[in-house]
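Fit chains B and C to the supplied structure of chain A, relying on the hints for placement.
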Amino acid sequence: MKNIAKKIYLTLIFLLLYAPIATLIVLSFNNTKTRSKWGGFTGKWYLSLFHNQDIMNALYTTLIIALLSALIATVLGTAAAIGMQAMKSKIRTFLLGITNIPMLNADIVTGISLMLLFIAWRFTLGFSTILLAHITFNIPYVILSVLPKLKQTNKNIYEAALDLGASPVYAFYKVVFPDILPGVFSGFLLAFTMSLDDFVITHFTKGPGIDTLSTKIYSEVRKGIKPEMYALSTILFLTVLLLLILVNFTPDTQKEDKKKSRKITHIHKISSLIFKKAVPALMVIVITAGGIFYHSRNQMSTQNQVIVYNWGEYLDPDAVSMFEKETGIDVVYEEYETNEIMYPKVQSGAIAYDVVCPSDYMVQRMIENDLLAEINYNNIPNLEYIGDIYMEQSKQFDPENKYSIPYLWGTVGILYNKSMVDEPVDSWGILWDEKYEDNILMQDSVRDAFGVALKYLGYSLNSTDLDELEAAKKLLIAQKPLVQAYVIDQVRDKMIGNEAALGVIYSGEALYCQMENPDLEYVIPKEGSNLWIDSWVIPENARHKENAEKFINFLCRPDIAKMNFDYITYSIPNTAGRELIEDESVRNSTIAFPDPSQLTNCETFQFLGDENDTLYNQLWREVKSQ
Amino acid sequence: MKSRKLLTGPYLFWSVSFVIIPLFMIVYYGLTDKEGGFTLLNLARITTPENLKALGLSLLLSLGSTLICLLLAYPLAMILAEKKVRQSSFIVLIFILPMWMNFLLRTLAWQNLLEKNGVLNNILHFFHLPSLTIINTPYAIILGMVYNFLPFMVLPIYNVLVKIDRDVIFAARDLGANTIQTFTKIIFPLSLPGIISGITMVFVPSLTTFVISDLLGGSKILLIGNVIEQEFKQGSNWNTGSGLSLVLMIFIIASMALIAKYDKDGEGNAF
Amino acid sequence: MSNKLIDIQDITKSYDGTIVLDKLNLYIRENEFLTLLGPSGCGKTTLLRILGGFETPDSGNIIFDGKNINQLPPNRRQLNTVFQKYALFSHMSIAENIAFGLKIKKKSKAYIQDKIRYALKLVNLEGYEERFADSLSGGQQQRIAIARAIVNEPKVLLLDEPLGALDLKLRQDMQYELIRLKNELGITFIYVTHDQEEALTMSDTIVVMNQGYIQQIGTPEDIYNEPQNAFVADFIGDSNILPATMVQDKVVKMLGSVWKCVDVGFGRGTPVDAVIRPEDIDLVKPEEGTIEGVVTHLIFKGVHYEMEVLANNYELLVHSTDMVPVGTEVGIKVDPFDIQIMKKPESEDEEAVGIEE
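Residue numbers (this note's numbering), protein chains in the order written: chain A, 1 to 626; chain B, 1 to 271; chain C, 1 to 357.
Please keep in mind that the hints were generated in silico from the structure rather than gathered at the bench.
Any given hint could be a false lead.
Said to hold, decoys possible - Below, in silico cross-link-like pairs of lysine-lysine (BS3-like), each with a Cα-Cα straight-line distance of 27 Å or less:
no. : chain 1 : residue 1 : chain 2 : residue 2
1   : A       : K435      : B       : K116
2   : C       : K253      : C       : K285
3   : A       : K151      : B       : K163
4   : B       : K185      : A       : K480
5   : B       : K233      : A       : K151
6   : C       : K23       : B       : K185
7   : C       : K155      : C       : K121
8   : B       : K163      : A       : K155
9   : A       : K155      : B       : K5
10  : A       : K473      : B       : K53
11  : B       : K116      : A       : K33
12  : A       : K480      : B       : K53
13  : A       : K6        : B       : K185
14  : B       : K233      : A       : K226
15  : C       : K253      : A       : K151
16  : B       : K185      : C       : K333
17  : B       : K233      : A       : K174
18  : C       : K182      : C       : K115
19  : C       : K285      : C       : K343
20  : C       : K67       : B       : K185
21  : B       : K163      : A       : K90
What the hints assert, rightly or not - Ranges of calculated distance between the beta carbons of each label pair, as one might list FRET restraints:
no. : chain 1 : residue 1 : chain 2 : residue 2 : range
22  : C       : Q78       : B       : G56       : 55 to 61 Å
23  : A       : D610      : B       : Y28       : 20 to 26 Å
24  : A       : W121      : B       : L41       : 23 to 29 Å
25  : C       : L298      : A       : K151      : 43 to 49 Å
26  : B       : Y28       : A       : I341      : 46 to 52 Å
Just so you know, even glycine gets a beta-carbon here, dropped at the ideal spot from N, CA and C.
Bound conformation, chain A alone:
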């Protein structure tokens, strides 16, 4: 009875630990892009994985950082442990206290503190800073694995070796080292695993154009994880599982039972051979191959590159590779989720981006804060394909059309599920209808959320009136209990998966959702909404301005604009490009290209000044923390 209860308990815990892993493995065979729908079995993600440059790069970076940091930490940590063992116990306790800091300290504090340090020392955030950070938090794992082994080691053995004429170094290497080797090895393994699994510290210490799997996944979270990621994780997981099963078959030769059959011993011999020879050899190969790979990439990239900082999932990767092929310029590509995340990064100057794609009001803010360089329009002949009305509209935030070139535009509206919403939707008011409690998705960004509330109240979405903003805040707080989640790009997956009835969404996303789930309908509420334009700009501190202009010019080519539209389904200001769209219903879709009559009450966001910006942020935090 008791034993059965124990078994059930163990099973339940095992389920808790491994249910998410099973889920991920299942998802890696799912034949749709969204994770909320099962579209049949497929192995295609495992194939496309190897063609996905981004993921493979992230994988390489992750593995190399994990290997290098674990190796360096193992060397430093083992040496430190040996030294500490020779010390008086008081000093040792003190040192152990220091060792414990990175282990016990919160990741976020460690990450932040290292970031502050690197920036103060003017280190460029990038590969080397991640590596330094990882070594730092890995050393304690090694020390704490090696120290107990050292304690167990018989001191006399070392002395006996010296007595027999060995030099201290030789004696250590031949006598002490084999004894502590299991500790060193498990320390290395632990360090490697920790480095692999780290997100928070990498998040704070990484720079542009470099991603580990963790940060890559984090940037993908909001727009939906690429299924290739599941495939990769499954491969990694199963590989390690296999290795571990083999390791567990390798015996402790000393403890080996004489009575065990020869066959098993044979297997043991083979597997211990694998682990003593094959695994280290494999590691060396990966390091050197990876190192060469990296080196060549870095050399190439420093000479002729363009660093692009764009919205997540906002450019067809094929267009990027075409650009690279045509011009020989290497594109370093990084993504952000909101204007507010992008702005401080550009402002801090820690990273010199060449091309950024802010929204209207943010362009204005960047101009006002002297963060942008004037664009040399002679270098962008393809500007002629951009519709005049969009250039005119841009003047709202870039009065002389000096700093920005429209890239994509659209509206913000409500996406609703016809099978879940009965009444006609034409007003923001439906987002406050208690009938839809826990069925509403709101945008998780300040201006969008306040824009909805302000428009519903009949105010301008550029309001700076304290009373109006206070009213909007109250409205948003009142709405909070009805909201299922505040999301950004996830609206798409959730709406397609029938997780919610109503969602505030960008028109471009709405078009895609409708293709995937015909039950969905998009509407621009009658109170009016946001008409937005995202434009290419070049930051003041760009190091490759000419390449940036080449890049912008390339994207203004009609065929590229059309290709891009097919991929992301956001409205393009490129009139020549629009004409190339084959599908008539799409070319004339009112979602993608709404009638001017629909836009009568719509406004474009403006930058309201730093003080008002802080005010908005403050009010938004009050909403969120309720």
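Chains B and C alone, transformed into the frame defined by chain A:
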């Protein structure tokens, strides 16, 4: 002997450069304003209603998840310890293995499991049970914390329990203690270092997480970790962010002190 | 002696298919100091643990004071154990350790205080109440472990190699201490050891065990002087074990010569083992001995000299207080009652196998 001590040198240098100095950087930023003048305003920012609320909620959720972890982990560690599995490394591996699936993906997978139309609800539906809507609530965050940090509670307790001499337990039985008395008077007090170590190893990361609340809370729930992360990554107010981190460090230092008191010999190390 | 206090009937125990105890029968009388003696792995500790209640036998019965206690958990048995590595509770003071059993029995505070004082006095550790185990030496910890057990006034005290971890001098002191304790307390001691000297010094009865079987039960004198087989002879003290043949009753042929002895009833021509203790061999002038030999080694041992004598291709071990230089030709003489005849082992199980100590 002297030359062996010198081996600690590189590590000491490293620790000072990348552990000690960075911490002082936080202290410096936390106690100065944008112009570099001394101020306590950053620390005081913790007292604004929304920050206090975030801190309070963080404390509540992390204490809750720590307690649940302890309640789940102790019996588990006892069962594992008494199994006398020859390779104790095997047990460690069961808990380390999931780490090879990325932490974010593992946590994200809970969305699939917990969603309205998720796996769990489908199962419940199949058995005609009422569906469970905990996604995007504090409960989902607690679940995420328990899921992610449970190993850090199990391993230290397990490591302490296996080290308890079986004869000590037999001695208690021999002296007349029944099973319950043996547990409360012998096993539990002897496992205290592991428990304390486990508690801090779950409490600190739970208190400071921003990822789990992000992924499972639907961005509706703001923890102190989210506030700090936003100060650095979005608000670009490093001084305030550092100030709030300093407040957090008070809790972390308290945990370290607790360990130093109850687990002097590092018996309760997780690995 | 008095009645049977514990009766062990047909106890069998095996781990993972290896039999540790095989149908073992043994009884223990009241007030007896009984020692289970044997090499490690012989099953003596297992037997003790079965008595303590920490292991359950696969089959067989333990009768304690007329009652079957097979199913009784350890906390309800009227015996207490002193563990090999003391097993003191490291998180409690000495006083708390000793009080543990009494507190569980809900004795009054005054009673407990009295008992602690009494027990510490008994083991000569007065004033150690507030100390902790890790500040005591091995011998002191051992005495606390004994004190902790005896305050519960058990009928039987089980001691599992209690002196194993102590150094020689301390071990000898503790042996006297234990005898004194046993006499003062007037209870039964069951003592497990692999040290034959310890067993011979303290016991009323010695049970020699090997590979799960009892080899011989007897008083220390019986065991030493009249080992019943080669295993016992070899395990207890030094001895020369020689292959021999019975010529007739009281006459044995060994070392190429015929010797007088006192054993009868083995049958003519039966192959046997003959045991001669090294101190029982007299070295005399060559012509006075039964056979002749040459001294090949000589070591001074303090109390006596230890010599090896080569005779008829056998190396004989000889202890003597007289020194005979290496190379001396000597005669070898043994008194008939110093030759102990044993039958050869019949089965593999009984065979005296390698002694690990």
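Straight-line alpha-carbon gap K473/A to K53/B, limit 27 Å: holds, 18 Å
Holds or violated: are the alpha carbons of K233/B and K226/A at most 27 Å from each other? Holds, at roughly 24 Å.
Can the restraint linking K6/A and K185/B be considered satisfied, given a maximum Cα separation of 27 Å? At roughly 23 Å apart (the allowed maximum being 27 Å), K185/B and K6/A satisfy the hint.
Checking one constraint from the list: CA of K151/A to CA of K163/B, max 27 Å. Satisfied? holds, 16 Å
Is it true that L298/C and K151/A lie within 43 to 49 Å of each other by Cβ? At roughly 45 Å between Cβ atoms, K151/A and L298/C fall inside 43 to 49 Å, so the hint holds.
Taking the Cβ atom of W121/A and the Cβ atom of L41/B, is their distance within the range 23 to 29 Å? holds, 27 Å
Holds or violated: K285/C with K343/C, Cα cutoff 27 Å? Since the Cα atoms of K285/C and K343/C sit roughly 32 Å apart, the hinted pair is violated (cutoff 27 Å).
Is it true that Q78/C and G56/B lie within 55 to 61 Å of each other by Cβ? For G56/B against Q78/C, whose Cβ atoms are near 57 Å apart, the range 55 to 61 Å holds.
Range hint compliance [Cβ, Y28/B to I341/A, 46 to 52 Å]: violated, 25 Å
Starting from K155/C, check that the Cα of K121/C is at most 27 Å away, please. holds, 20 Å
Pairwise hint evaluation, K480/A against K185/B, where the allowed Cα distance is 27 Å at most: violated, 50 Å
Given the hint that K23/C pairs with K185/B, does the C-alpha gap stay at or below 27 Å? violated, 38 Å
Of the numbered hints given earlier, the model fails hints 4, 5, 6, 15, 16, 17, 19, 20, 26; all others are met.
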